[in-house]
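> Each of the two chains sits in its own frame; use the hints to bring them together as a complex.
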Amino acid sequence: MDRRKSIQTIILGAGAGAAGLAFNSCTTEEEPTVEENIAKGAEKFFGRTPEELELIDKLNAEQLFNEHEMETIAVLSSVILPPKEPHGGPIEAEVPEFIEFIGKDFPEMQTTLLGGLMWLDHKCNTEFGVEFKSATLEQQKQLLDPIAFHDIEMPLEEQSLEIQFFHMMRGLTVTGYYTSKVGIADLGYKGNMPNVWDGVPEDILEQHGVAYDPEWLAKCVDQSKRGILAEWDEEGNLLT
Amino acid sequence: MQIKESSELYDVIIVGSGAGGGMATKQLADAGLNVAVVEAGPFFDPANPEQMTQLKWPYESPRRGAATTRAFGEWDAAYGGWEIEGEPYTHTEGTKFDWFRSHMLGGRTNHWGRISLRFGPKDFKGKTRDGHGEDWPIGYEDVKPYYDKVDKLIGVFGTNEGLPDDPDGFFLPPPKPRLHELFYINGARKSGIPVIPSRMSMLTKKINKDRGVCFYCGQCSRSCSVYADFSAGSCLIFPAQKSGGRVKIFVNSVVREVTTNEEGKATGVSYISKDDRKEYRLKGKVVVLAASACSSARILLNSKSKQHPNGLGNSSDHVGKYLHDSTGASRVAFIPGLMNRKTSYNEDGVGGMHVYSPWWGDNSKLDFPRGYHIEMWGGMGMPNYGFGSSPNEFNKFFGLQVGGYGDSLRDDVKKYYGSVVGFGGRGEAIARKDNYCEIDPTTVDQFGIPVLKFNYKWSDFERKQAKHMQDTFEEIVHNMGGEPLGEKPGKDSDYGLLAPGRIIHEVGTTRMGNDPKTSVTNKYQQLHDVDNVFIVDAGPFVSQADKNCTWTILALSWRASDYIIEQLKQQNI
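Top to bottom, those sequences are chains B and R.
Just so you know, we're using this note's numbering here: the first sequence kicks off at 1 and counts up by one.
Just so you know, we're using this note's numbering here: the second sequence kicks off at 1001 and counts up by one.
Hints may be right or wrong, so weigh each one.
Distance windows between CB atoms, simulated [stated by the list, open to error]:
id : chain 1 : residue 1 : chain 2 : residue 2 : range
1  : R       : Asp1471   : B       : Met109    : 33 to 41 Å
2  : R       : Gly1490   : B       : Ile228    : 51 to 59 Å
3  : B       : Thr111    : R       : Val1226   : 40 to 48 Å
The hints are simulated quantities; they were obtained by calculation from the structure and are not laboratory data.
For glycine and all other residues, C-beta sits at the position ideal for the given N, C-alpha and C.
So here's chain R without its partners, still in its complex pose (with noise of 0.2 Å):
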């Protein structure tokens, strides 16, 4: 079987089309560049009528949202999960690491919670800060211009509120909080937590003519029909389509590897068409890698030639390691003074939380480093399956029977509607050598392509974090007249500690620095050993913060870009 060659050279060939890929896309298409996008996954438009899940009613389904086959249920607008059918992946045994994957056209920016949190000074400087880690070679002050950029371009709503770690932003004005973020705001508070607005990319008011703005249905996570939450498709890639830009997608195309000449440069990649499981080869000036962290280093390390033997970009021998996701816990609540609510209103709001609180914490007098933020949820919200599936499980808190039936179950329902709440810690976990993905040489997925194997272990400092959220939750819950809901997680569970990979934050794996034997890209995210290839997802990060990684992946691609743009104008590339 012959592979068969595209006669087209491309200026540049982008591999992934979520918020990295997206925003290269927009960029370098609007800089007048012939693009190509190649994405794993089927072409995705949350408007198209065929894929919209929006405002769709639990009924309208004979599961009523279970998530049978969608890992958030099946409203969710992510195609793809923990375990995708014919593409394992697996582990060094006494390790964990869970992947999500999402294949399709905006990848994993179709259901994200939108919380868009620039870094702070802090963040980039780490092993300045407390000496675990390392720094990164940017500042700041390097991404604070391209942060100014996103957040007029895509659109976050959010407060100044002049804090030294969490940056202002040019931002859209917040939604006001709903009932039970009222309770938190006085429940936190009362033990010193700070709460502020939420920082999320959905339009509360309108940015431009071709996006809609936010109708509060609360259901971002099933991508707007409207556009008026950030998803990459609708609000990067679209957008550089409809203004003229050379944009040639090639969907449900899998990358096997970056193809090299003698000299050892990227001369543009081959694939796998899912549709007729033949491979292909496109030719381009340039490759940017977004296919996401992990799928990127697998792309670099399966393309072995003469000339990278150990892979590409791989001379450091650092690709694959210093993996790591933001450690996560979590706790609900049952507040007993949210009981009995009137249903005379619609508190949908925008998908997720209103308010949260940042990083409060004096490390020094802590026993680990780095922090957290709490995001919380709960109201009332559309049922769904699962929902009133335990109806009147509070009454023990009453010294009522639990269980029965009759007419005494909807008045439970109505009773308890509403009244819980929940809460997650993100935070921020040191980058080791020894947490790493790496080609599993036993094993190939269907389309005969080694897949990747995880080593990954949390250490104490991670537990303690955790530990410290629990103990957190419990007191914020006690000050809102609560009680917390199960065992509260203790040491033999890790606190609650969820597993690596489980927050969907996973980054490091391909890490820039200036040198080039600790590092795989440079501060512009240029492989050190091939100069036409760059890498704009979260695999560059030195470190993850106590954020979400997806303003920064934004940010770094949209300055990657522009070096890219200024390198091919010099004709260094």
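Bound-form chain B, shown alone (with noise of 0.2 Å):
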């Protein structure tokens, strides 16, 4: 059963995860061998070693949280961060499976995290008679308040288990969102493309109150003739 399903379900309301669907398909055929999935799948396995695929195979094959608790965790995650147009929430940018694997990938932090959820839950019953993930976001919210602000002069483990499960949950909440696709568009960050670097631009210099030396600006690459053979005299001295 596809997991991501319900969870859409939960946050957006039924029908809004449809799109999503396509990539998820429920495998049940015969798994190709490890060397078949980089040979004909090279784009989707990102550069990974046989023996490090292996590691992502077996981790994918494992359950961390059970269906409640990744509703939970889809619940919690987008009031950490809620979503915004246009670049959506956690959900968007598949937090809750991001923090499946990870859980997976660092077992030091399942302790935590299932104790976390545990005691979310329990808190919210004993409070309010519901599970978090049913709460209204005003109960949820009254929940959150005395745990999302640790002491910053005590080390974060001298701290109870809910300030550091939130710590941690908030942690994986954003660089879950800011690491994915629609993340990297709310930041704006530009790179991760061939282009020609040529200096700050005017503006940004202007705001930042900095400018460049001259001296030094002659001497770096004039990205007109990046392309032309380089060749020096016998001092050194670049000629092209």
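Written as structure tokens, this is what we have:
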């Protein structure tokens, strides 16, 4: 069963996740070998060695959180970083799936994550007679406010479990969002593509109150000549 | 089980395919020799789509770049790491050494920082300079012609500054500084610390028809798919093959020992194939070790025979001695002047820094010998695992609450994006005989080969250098209007001095010299004891400088290769 669908249903309402389903077909057919996977899907495997790919396959075959916990993570991460147009939020960034994977990749996080989720429901049930994922936003905030601000003068590991849990969830939510396609768009990062660096734009220099030293600039690459073969005189002066 | 021996007799067998092995392959194959390259790891080509990590986005991986399987994050090109399963190393109690190995064609050159600094005249004459360590049997004037040739063959950007111990070269033009680098230039100069354009081996301009020009993705640690950065496979070994050279590459082949005959001369190597876990022998007229300073020492020490009972080339008992790495300490800082940045432009630049500070100090006024250079980093980099995990930590500097949740976190992430800079000092440690690696007689790796045991301790010289680094970083941060992050490392933590090995500049284990009693090779990197074995990695370094070692490995490997060609011509070996 597609766990992501139920998460999307909870957060976005029924039907909203349809577009995402195409990427999440249940794979039950014969598994291709690791080598076949690499050969036919180099793009998909992002330069993994066979051993690394095996580890990813192994982790993907394990399950850390049950369906209820995944839904709770989805709800909690969306309270931490509410979706905002046009770049969505944790669900569009696949933050719950990311946290599931990281929890398996870093087993030392598991107790804090699993225990924290149990604490959240226990506390919510005690206070409001309802599980966290079904509570109102107001109730959720009442629970989170006391644990969302850790004491910055004290080492985190000396603070209560629920504070450590929230700190971890916030970190994973924000990092998961901003390492996603929608998060990078929200941030506005312009790199990771071929281009020609030719210095800081004038308006940026002005904004930050710095300027280029003309003497320094004179030594820098003339990008209009980057394609011309380098030649030097005997003293090492570039001629081209 | 019988050891399988190939019938072919190679002119030269080269063990290892990194900077030293790659350069020897290029020079010796170009000279028409029949070359076998034996590499412990797999074949690697950064242009191979199946191995390429360049231009991948964090979301293409379920762990978004986390460092689970690769020490420097999962996009880093190096296969291997600080620990390799089935291939341990051990330590003498109370000592430390962290050993980074990369087993793949091209070795560690696939991910290195490309900081390509020549050693200067003083760097070859340490003992003359201050009484510490030993002088090299060669000087800058011996190496200069090779540095010049390396500059032109491989390509390095930089500027001729006329500095006494940071020699000029044949440079490509450097890229313009980024915003945080302008802040650094101002901050450092305020304290009289020089800042000049970096010297790094990426092509900012075309140098030949086989290699592309840098397209400024800032990802040289992923190894460049258009070969615009220097990696030994793509820039030396492939071109050697392409120009018709006889180069046979044996991958997944772990060399156990150098084999010798009755006269004690080398006859080739034996290796274990990782593919079938069987032992093989290759025959060669000359053996060139380039497995890295420590791995080559290990091979020599494991090559025991009737003629060489203490290990090959080890009649002096100096193999493994004088092991030393660069010193390293770092600090990061928050710079309020770099807050609220516009993300309207791409500032990836080349991988790493566009500016740096060569050593400027006057040791007569300092309490430690030698010096260090400062590397710095920062900028609006691509988010990866860990990005934004403390989204508003810097609120504390403004008396604002740290933590919370909600829409404000988005504003916090953007407000502070690109406002952190880091500084690293990389300095020269004094080479000492009592810092060494040796064979651990109690431990073997999964191939049955005895492993290395390390014995390394820093001295107060290195600690004082680290203290100087920390004081300097704080001063620069202050000049930049910033706030250093975390506690300033103090005496109890050796001032943040990293464990030996951490800078991955280990050298000195088979040092060169004129006296066979106190050195392993002669000044042409030929074993004193066996004239047809050479070492072209950083093992023969007498001392590390306040530089990085790769450019000198390349120059010296070329020089040793010229000597091998000449000696073969004269039928001396």
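> Is it true that the C-beta distance of Thr111/B to Val1226/R lies inside 40 to 48 Å, as the hint says?
Given range 40 to 48 Å: holds, Cβ gap about 46 Å.
> Is the gap between the beta carbons of Asp1471/R and Met109/B within 33 to 41 Å?
The hinted range 33 to 41 Å holds for Asp1471/R and Met109/B, with Cβ atoms some 37 Å apart.
> So does Gly1490/R sit 51 to 59 Å from Ile228/B, Cβ to Cβ?
holds (52 Å)
When held up to the earlier numbered hints, the structure conflicts with none and fits them all.
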